[in-house]
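Asker: What follows is the residue order along each chain.
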Amino acid sequence: MKKDRILLDHGSGGRMANRLIAEMMLPLFDNPMLSRLDDGASFDIPDGRMAFSTDSYVVDPLFFPGGNIGDLAINGTVNDIAMCGALPLYLSAGLIIEEGFPMQDLEAILRSMSISAEKAGVKIVTGDTKVVPRGAADKIFINTSGIGQIPEGVNVSGENARPGDKIIVSGTIGDHGITILHQREGLSFDAQMKSDSAPLNHLVARMLNITKNIHVLRDPTRGGVATALNEIAAKSNVGIRIRESDIPVKKNVAGFCSILGLDPLFVANEGKLIAFVEKRHADEVLRAVKEDSCGRDARIIGEVVSLHCGKVIMETAIGGERIVNMLTGEQLPRIC
Amino acid sequence: MKPNAHYQNPAFCRSLADRIAEMAKGQIRIMEVCGTHTVSIFRHGIRFLLPESILLVSGPGCPVCVTDQRDIDAFIKLAGQDNTIIHTFGDLMRVPGSSSSLQKEKAEGRDIRIVYSATDAIDTAMANPTKQVVFAGVGFETTAPTIAASVVSAKRMGIDNYSIYCTHKRVPPALDALASDRDMHIDGFLLPGHVSVIIGRKGYEPFFQKYRIPSAIAGFEPVDILAAILRLVEMITEGSPALINAYPRAVPENGNATARKTMETVFDTCDARWRGLGVIPGSGLAFRDEYAHFDAARRFGITFPENCPPSGCQCGEILTGKITPPQCPLYNKACTPVDPVGPCMVSSEGTCAAYYNYAAGDDG
Ligand code: SF4
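As given, the protein sequences belong to chains Y and B, one line each in that order.
Here the first sequence is numbered in numbering that gives the first Met the number 0, starting from 0 and rising by one per residue.
Here the second sequence is numbered in numbering that gives the first Met the number 0, starting from 0 and rising by one per residue.
Take these hints with a grain of salt, some might be off.
[As the list claims (entries may be wrong)] What the simulated footprint calls covered on chain B by chain Y, stretch by stretch (three residues with Cβ under 8 Å from a Cβ of chain Y suffice, anywhere in the stretch; the number is not a length):
1) 45–51
2) 150–164
3) 349–358
[To be verified] Heads up, simulated DSSO-like pairs for lysine-lysine below, C-alpha to C-alpha not over 27 Å straight-line:
4) Y:K138 to Y:K310
5) B:K103 to B:K130
6) B:K332 to Y:K138
7) Y:K138 to B:K105
8) B:K332 to Y:K310
9) Y:K234 to B:K332
10) Y:K310 to Y:K278
11) Y:K250 to Y:K193
12) Y:K193 to Y:K118
13) B:K130 to B:K154
14) B:K260 to Y:K138
15) B:K260 to B:K201
16) B:K209 to B:K24
17) Y:K118 to Y:K211
These are calculated hints, taken from the structure and not from any lab test.
This one's a predicted model, so the numbers in the text were calculated from it and none came from an experiment.
Each residue gets a CB set at the ideal place from its N, CA and C atoms; glycine is no exception.
From just these sequences and the hints, can you work out the full model?
Answerer: Written out as structure tokens, the structure is:
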């Protein structure tokens, strides 16, 4: 691309659009289904159940330590499919770009989409690009949808938590949300933070290899671990007990949260999962999770009980007890 | 979460709680004045460790909660002016005024920005010379000096599109108002750590001499809070009231004189209206004449209606510890964090929010 900014013409469907696709996108996402450039992709599907999911990405800032909107858009949908217990296969990607968007940034975003897709082992088989006039969108929005295959015998759902289940979290919580807040607000705390954005499908496959008795899988994105646990407690009509001292939080994330009056339990993650696993398999599954590069800091943080149905109760680090509620809106930093 | 090693040590906390239980005779009512204490107490489950005889009641120390509805309406009015940028701390966004909130106004397209310090507002003012930048000044002695410093530097730099709508308040006069209220029955005060960093232990001396109610300045970690409660319980049971500093690692005897001087350069004390508590003499901060130019209320001619429409919110009772949130008829019914009636349900330091989020329905 010689021109250094996106023009309205690039979304016209005409020659400029074709050039954008041919010169920039196809080399990155090369696969036979996409290169046919038909109106849609056609492919055979395996027998059995499929999972299908969609999500839109509007993150600000677009680039942050540990990733950008591109890998977030791939990992997010890959993870949503993986949380159904499915093996993600194909994705679609729709881009809405604001006129004047730097071509260089677009290339960087597309490149990380391609790298993430490769890492996850999924193919982007169909896509769309629209350009809207300046001011009609904020820089770039990305929608991805995807489908995956659910292996025989897997039955994962937010309704399936059972008393006795152990709750595994795959690593430190709050990394993504705090990195974004830190970056967006240009806060000058001296803290090295990095988003945890990562595809979790290989981790899930590893876990399902140990046992099919995984009842619930969730990636605690917006609303954080607290919101995910509350949703599961309500849907499965069970009580959940967690222990504060077992919940992994990076030191700098914890420090930042305490300065701003935020609770890491409510902060978004993009590369972590929560799993509800039948008790007898829990230790073995935990070991498998820890062997994965996405799960080194995994811990069992609590269990499902048949008391206080619908509620999440936490034993605090000092030995007290309290309720963990759902997040209402965005967490807003307090007045000190 | 790795407990902050020393100050969250479970065994130490337990032993402090045990000693409190041994010491305490009969019902003891302790007010934690500060909203940060309220949240810390709930978040760490401190009430769970304490014996039933110790009753912790929350006080008026959440700056957002004590901001009068008319002041909230004034922020909203200012946000509605053309060519105006409002800067605010995040906590204020969702607080309902009589007909809107800053959050709703932002959705309507008003330029309202969440900032972390007043210096951010100065940067905005310099970057937008054709606009008026108004800072929603809410807070106690902790925030007032930073606001004052921003005004001093704005004056020095000749920035004249920056102003403050000042609702800053002072804690000691509010304590005086609480202690003089005959319905209060407070046996001891847990005094706010952050405010004390500025005013020092000395700042409470006149209040203490007047009422001689056991008072302890406390930090915010579980060990800080429990240790201060233990000292209060000792004083209460032994009948030997004192004003002590149980947070010496942060609070100097005389506070921070430089910060107070900046504050006094810009502000004079005035009477102020507290939500639910009414007008408390000498509890507010008003611009001195030399800085009157920075007073947004004066600059934009903001006036108040004499009465504000009743909302049914019992924040006044909550803020003086007379009732607990579940005793408010609206709690968890008409009033929830999603659809708040009063600021105590939205502010991150509000008592009703703390009950809702950490105690969900029980009486705490
Ligand atoms: S529950 Fe709501 S209405 Fe009642 S006092 Fe609290 S904030 Fe006000």
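Asker: Please go over all the hints and tell whether each is borne out by the structure.
Answerer: Verification of the supplied hints:
1. 45–51: holds (count 4)
2. 150–164: violated (count 0)
3. 349–358: holds (count 4)
4. Y:K138 to Y:K310: Cα-Cα ~40 Å, so violated.
5. B:K103 to B:K130: holds, 21 Å
6. B:K332 to Y:K138: Roughly 41 Å between the alpha carbons, so the hint for K332 of chain B and K138 of chain Y is violated.
7. Y:K138 to B:K105: Judged against 27 Å, a Cα distance of about 20 Å means the pair holds.
8. B:K332 to Y:K310: holds, 18 Å
9. Y:K234 to B:K332: holds, 22 Å
10. Y:K310 to Y:K278: holds, 20 Å
11. Y:K250 to Y:K193: holds, 13 Å
12. Y:K193 to Y:K118: holds, 19 Å
13. B:K130 to B:K154: holds, 17 Å
14. B:K260 to Y:K138: violated, 46 Å
15. B:K260 to B:K201: holds, 15 Å
16. B:K209 to B:K24: holds, 25 Å
17. Y:K118 to Y:K211: With Cα atoms ~24 Å apart, K118 of chain Y and K211 of chain Y stay inside 27 Å; holds.
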